[in-house]
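With the sequences and hints as input, model every part of the structure.
Chains as they are written, first to last, in UniProt numbering: chain X, 1 to 147; chain D, 1 to 147.
To be clear, the hints were calculated from the coordinates, so they are not data collected in a lab. One thing to keep in mind: the hints can contain errors.
[To be verified] Here are the simulated lysine to any residue pairs, SDA-like style, with alpha carbons at most 20 Å apart: (1) X:Lys62 with D:Ala75; (2) D:Lys145 with D:Ala75; (3) D:Lys121 with X:Lys133; (4) X:Lys133 with D:Glu52; (5) D:Lys60 with D:Ala23; (6) D:Lys121 with X:Ser51.
[To be verified] Here chain X is said to cover these stretches of chain D; the calculated rule only asks that three of the stretch's residues, wherever they fall, bring their Cβ under 8 Å from a Cβ of chain X: (7) 115-121; (8) 128-134; (9) 137-145.
The structure displayed is predicted, hence computed values, not measured ones. Positions of the beta carbon are idealized from the N, C-alpha and C atoms, including for glycine.
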Amino acid sequence: MVHFTAEEKAAITGLWAKVNVEEAGGEALGRLLVVYPWTQRFFDSFGNLSSASAIMGNPKVKAHGKKVLTSFGEAIKNLDNLKGAFAKLSELHCDKLHVDPENFRLLGNVIVIILATHFGREFTPDVQAAWQKLVSGVATALAHKYH
Amino acid sequence: MVHFTSEEKAAVASLWAKVNVEAVGGESLARLLIVYPWTQRFFDSFGNLHSESAIMGNPKVKAHGKKVLNSFGNAIKHMDDLKGTFADLSELHCDKLHVDPENFRLLGNMILIVLATHFSKEFTPQMQATWQKLTNAMANALAHKYH
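The structure is reproduced here in structure tokens:
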């Protein structure tokens with residue numbers, strides 16, 4: 001089980017408090033679809049994904065990105081039990097959505113990059129390390145119920 | 001062989017022209033050592049790597065980071081033949097340095113994050129996609145001579 005020190009929790013929650021979840025969520029999902037185009041296969045019903053600007057401006061992408069990052073925010077309140085927090089979503093992504101868990105790691109990397117672009121110097125190496133550990137823990141938790 | 005479009009090459013060149021190789025190189029290597037601490041095992045002779053500030057301030061880390069990123073810059077001039085450009089370095093990293101090629105991908109990710117912190121909004125989704133492709137291709141080229 002992943003264990004976060006008090007400093008790591010503070011680094012995570014401190015930055016999270018300043019994140020605009022709607023904006024960051026939309027951007028995270030948008031960048032995933034742009035940088036790793038095969039991920040678009042999971043979003044056939046989203047309409048126009050034919051270019052970077054189409055993807056970044058697509059309202060369904062923004063809405064779903066917000067939903068995903070809101071769920072991430074819930075996990076941040078349960079850092080001591082990520083597997084429990086994500087159990088149902090893990091089953092959903094395996095049984096219904098059929099998403100390869102590698103994509104959770106890719107989304108985690110995209111979230112880290114967005115935080116880097118938004119926070120600049122404030123995204124210090126220690127803060128990055130805490131967030132890298134978090135997104136890795138979330139990806140593992142989301143893959144935990146796969147069979 | 002990886003093929004880069006003329007737009008991708010232009011995007012890489014335009015961002016690279018503004019990169020302070022010494023600063024970005026040192027910071028990328030430092031972040032690698034902080035975020036993925038097992039990588040410190042390759043740098044026993046570097047002295048004090050005990051904390052984030054020690055690593056960020058370590059002159060050997062800065063100097064070596066600059067060396068690594070200069071090599072990166074050289075490769076950017078040869079984007080149509082990364083495998084050829086990195087052939088000797090690939091043999092060195094396999095035969096003498098014994099570095100697991102996974103670490104090249106990790107360093108590539110650190111470079112992206114440092115670029116994201118430095119360039120912020122200018123590090124657009126398309127820019128991120130192009131640079132991800134470049135760092136992936138470099139990691140593959142560095143692993144190419146492994147046996």
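- request: List, from low to high, the hint numbers that the structure doesn't satisfy.
  value: 1, 3, 9
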